[in-house]
Amino acid sequence: MLLVLDSNEYIFSFGLLKKASAKILADTIIGTFPIHSIRIPRLIAEEVCRHLTPEEFKEFIGFVTNLTAIDEDFVVPFELGAKYESLGLKPADAFIAAYVEWTGADALITENRHFLKNRSDLSFKVLTAKDCLRLIISPQ
Amino acid sequence: MIKADSQKAKKHLEKVRELVSKRKHPFSDMTEDGIIEALRRTRKELWEKKLAARS
Chain A
1 MLLVLDSNEY
11 IFSFGLLKKA
21 SAKILADTII
31 GTFPIHSIRI
41 PRLIAEEVCR
51 HLTPEEFKEF
61 IGFVTNLTAI
71 DEDFVVPFEL
81 GAKYESLGLK
91 PADAFIAAYV
101 EWTGADALIT
111 ENRHFLKNRS
121 DLSFKVLTAK
131 DCLRLIISPQ
Chain B
141 MIKADSQKAK
151 KHLEKVRELV
161 SKRKHPFSDM
171 TEDGIIEALR
181 RTRKELWEKK
191 LAARS
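Protein sequences appear in the order of chains A and B.
Take the numbering used here: the final residue in the first sequence is number 140, and no numbers are missing along the way.
Take the numbering used here: the final residue in the second sequence is number 195, and no numbers are missing along the way.
You can take every hint at face value.
Listed below are several chain A residues computed to face chain B (Cβ distance under 7 Å; list not exhaustive): (1) Arg50; (2) Glu59; (3) Leu67; (4) Asn112.
No lab work stands behind these hints: they were computed from the structure.
Quick caveat, the model's predicted, so the values are computed rather than measured.
Where a beta carbon is used, it is the ideal one built from N, C-alpha and C, also for glycine.
Throw the hints in and build the complete structure from the sequences for me.
Set out below in structure tokens:
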């Protein structure tokens with residue numbers, strides 16, 4: 001699966017909260033790479049950066065850039081973002097949803113329960129780390 | 141093209157975890173919902189800065 005992890009998943013994967021699923025998911029992606037891989041936009045990298053020291057951020061960049069390249073935000077077509085804004089998302093969240101569609105990712109992984117939940121007309125799934133792990137471990 | 145190396149990625153992730161565990165992070169005493177809300181505010185601030193820089 002190709003996944004886009006929201007900033008909350010990265011933060012939880014560092015062990016800042018006793019949230020085992022986010023840690024296990026990050027470890028599983030690394031352990032199964034490239035069968036399961038990630039994409040990340042500049043915006044999410046910057047969000048994570050805001051909550052790390054420079055030394056921690058340097059290591060975070062080493063983590064993600066050994067799995068993927070960081071995509072610049074401007075590569076996402078404006079029209080895609082506008083589409084998600086029209087579905088009721090705030091502009092920055094609409095950008096993230098547009099980015100996920102633009103990458104062709106299978107799923108956006110987030111612990112934000114309000115992010116596009118209960119919509120069946122999307123080109124990608126919106127999953128928590130726990131639900132994503134269930135899919136990865138037993139895809140049937 | 142990037143040269144992917146999952147073993148190097150693993151080492152970097154382990155280092156982040158080690159560094160984060162050694163200090164009192166502002167999120168340490170927050171609930172999951174509190175952290176998610178803080179990250180939502182960060183996203184909003186960054187996005188507004190990006191828009192302002194473009195105009």
